[in-house]
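Here's the letter readout for the chains.
There are 2 protein chains.
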Amino acid sequence: MRLAGDMPSAQVMTPEAPKAGTSGRIVISVDAMGGDRGPAAVVAGMAESADKNPDIEFIVHGPEDELRRLISHRRGLSERCTIRHAAGVVTMQDKPSQVMRHGEGTSMWSAIESVKNGEATVAVSCGNTGALMAISMIRLRKLPGINRPAIACLWPSRNPGGFNLMLDVGADIKADAPDLLQYALMGASYARNGLGITRPRVGLLNVGTEEHKGRAELKAAQDLIEAATEAGSFDYVGFVEGGDLPSTRVDVIVTDGFTGNIALKTGEGTAKLVGAFLRDAFNATLLSRFAALLAVASLRRLRKRIDPRRQNGGVFLGLNGTVVKSHGSADSTGVSAAIKLAFRLAQSGFRERLAARVASVAQAGQDADLAAVEDRNSE
Amino acid sequence: MRLAGDMPSAQVMTPEAPKAGTSGRIVISVDAMGGDRGPAAVVAGMAESADKNPDIEFIVHGPEDELRRLISHRRGLSERCTIRHAAGVVTMQDKPSQVMRHGEGTSMWSAIESVKNGEATVAVSCGNTGALMAISMIRLRKLPGINRPAIACLWPSRNPGGFNLMLDVGADIKADAPDLLQYALMGASYARNGLGITRPRVGLLNVGTEEHKGRAELKAAQDLIEAATEAGSFDYVGFVEGGDLPSTRVDVIVTDGFTGNIALKTGEGTAKLVGAFLRDAFNATLLSRFAALLAVASLRRLRKRIDPRRQNGGVFLGLNGTVVKSHGSADSTGVSAAIKLAFRLAQSGFRERLAARVASVAQAGQDADLAAVEDRNSE
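As they're listed, the protein sequences go chains U and W. Numbering of the first sequence is given in UniProt numbering, commencing with residue 1 and proceeding in unit increments. Numbering of the second sequence is given in UniProt numbering, commencing with residue 1 and proceeding in unit increments.
Isolated chain U (complex conformation) (with noise of 0.2 Å):
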């Protein structure tokens, strides 16, 4: 962590920047420090964005200087930002413990805050990740009734909209039955108010998909999701295995963090050594370099349809307040996307609607209990 040092750390208001929001345009709170290429693709991809969505505003977190020197040169975009000095960065190395005592005068911390304090509905950050769900933890706090928060990202499909959800992909390493459903009505959620799907199909990842197969907590967190499907809205499919993870059998796949990271980044490795083994075999021979050349355009497609970039965005779900976090490779691309997720979940009034049927479920199970002590009663 670079801290603030004499500067001065605390949140200063650029003068001249409009207050962002004033315009009833939705203002993402953008964290431009912390990922592998530093600021300027961070502004890079806010750019791009801006370029592309008239309805959006962002207030950016990071050293002022520097920030306003790199938005003065993307053309219309100063007029779409409030810089919020920061001078400290939170850097992948720093540990999370660490951060949340002394993490106050860094960018990220600065990007949390303004979710906290409703100028900003959604923050993204590239930064560590570790680090952001802490601070994100202790500023903005869990939602009434949430146990462990989770991280959710997208997994490259056969489905029509191109995308599963998976959920927890590293918030925790370890989940419990009511907290895989938890992640269940936190995903089908998501997946409702981020991908457009009105009744999501919901599946439990596991070694196999036969009833008997797998871990304890898994049978009993299958049978709470089974019974909260009609007051979450979703379908449940069952278990699932790693194969169907990109399959059309499902929409949220439901894991624990250790589980979930395991098979994001498996997933991550496999999908690049089959792109590198393409190349080789592309570069084998002059014949298939030259077939290359007459595929390039049918080539490309296939890269973006597997681009990380293009999916770039963990959501943290079951806080007060949306957090998405970029890949800390990401490029302007990356950044742009992340950026989009956010707009699209600022847009749809997610935590609200997230907020309430936690509530209601969490009213149904106790009116279950209820219902189970009367007929208890009764017998």
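Check before you lean on any hint, since a few could be wrong.
Intra- or inter-copy, both count: the list cannot distinguish identical chains.
As the list claims (entries may be wrong) - With a straight-line cut-off of 30 Å between C-alpha atoms, the simulated DSS-like cross-links for lysine-lysine are:
#1 Lys219 x Lys142
#2 Lys272 x Lys95
#3 Lys219 x Lys95
#4 Lys95 x Lys213
#5 Lys213 x Lys116
#6 Lys95 x Lys116
#7 Lys272 x Lys219
#8 Lys95 x Lys142
#9 Lys174 x Lys213
#10 Lys142 x Lys213
Honestly, the hints are just simulated from the structure, not real lab data. Bear in mind that the values here come from a model prediction, so they are computed numbers and not experimental data.
Given chain U's structure and the hints, the job is docking chain W onto it.
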């Protein structure tokens, strides 16, 4: 499970076939039944192997008349085969517990029996994994000093040999720290004898490479594995992530059977998805279809490289006898690949070497314990 009914289910030696192994060849015991494509694919795979490898012989298990007919159609195969009649078949739907109790008349049981009684060195089956593990456990029993057997699979990688090794991919859904140490030893031994890697590099699968990350049992396993590198003749590279499975950082990836199975199926599913996207891309336009024609040799090479049939064969480790589990959907190429792996392991004297290694590490552990006690006493 299709049981034998009135038919004689005992193992009947076919009188006209020569006794396998008399020629100094290595004998592989093959379960002809239980795969998705039936005995014809298995016999075709045996014929491919026999053609390529003059040092191999088979004992093949299944319905005698059907097998004799299939084998007689393959030139030269009947002289290399002993048929053992078994009328029962274990299906993919059978529960392992059921097969353990009532599976005695099946081809799978008979195939394991040939390893148990020493007629064959390694058994190969395309059948139900759970049932095969259950029969192997009760008939072959665990190697002295092994708590949980494991299934190891090959993973396409950028290493010179083209493959990394991962275990456990599904023998057991849990593993504690001492089990993970045993997986490290067994995996290193397999990599040495099956893949020819003199000093394998072992990594422990986790959600991050930092020392403080992940589950408590992984930290404990890390200490145990680090302490066993000399006795086990391997190097320990530390925690690895899902993205490292195909990497050149590591040869053997150790994990519990739940996580390993999810990772394996996720990787296979992703490779399939990218393959489907690639086909879509080449079918998109007339030009790209022409390009695919030009690149057909290169694309065939690519398919071969990521084809799961070519790296076919999960190996059951930690038993008094080696068992190779082929994919249920394996065709003759897949079966032949599994047989090749079985041959290689048999030839290397893998089982004896593994047993010696496990014993020596157990001894080293006891010596260390003893030394620790002596240290304490001398204080």
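At most 30 Å between alpha carbons: which applies to Lys95 and Lys142, within, between, both or neither? The answer is within: 21 Å in one copy meets 30 Å, while 43 Å across copies does not.
Tell me, please, which holds for Lys142 and Lys213 at an alpha-carbon limit of 30 Å: within, between, both or neither? between (32 Å within a copy, 23 Å between copies)
Tell me, please, which holds for Lys213 and Lys116 at an alpha-carbon limit of 30 Å: within, between, both or neither? Close across copies (29 Å), not inside one copy (43 Å); limit 30 Å.
Checking Lys174 and Lys213: alpha-carbon separation at most 30 Å within a copy, between copies, both or neither? both (19 Å within a copy, 13 Å between copies)
Taking 30 Å as the upper bound on the Cα-Cα distance, should Lys95 and Lys213 be classified as within, between, both, or neither? between (37 Å within a copy, 11 Å between copies)
When no copy is named, should Lys95 and Lys116 be tagged within, between, both, or neither for a Cα gap of at most 30 Å? This pair counts as within: shortest intra-copy Cα distance 22 Å, inter-copy 53 Å.
State whether the alpha carbon distance between Lys272 and Lys95 is at most 30 Å within one copy, between copies, both, or neither. Within one copy only: 28 Å inside a chain, 37 Å across chains, cut-off 30 Å.
Have a look at Lys272 and Lys219 and pick one of within, between, both or neither, based on CA distance no larger than 30 Å. between (34 Å within a copy, 29 Å between copies)
Lys219 and Lys95: within-copy, between-copy, both or neither at 30 Å Cα: Answer is between: at 18 Å across copies they meet the 30 Å cutoff, but 35 Å inside does not.
How do Lys219 and Lys142 come out at 30 Å by Cα distance, when the copy is not named: within, between, both, or neither? both (26 Å within a copy, 29 Å between copies)
Violated hints: none; the structure is consistent with every hint.
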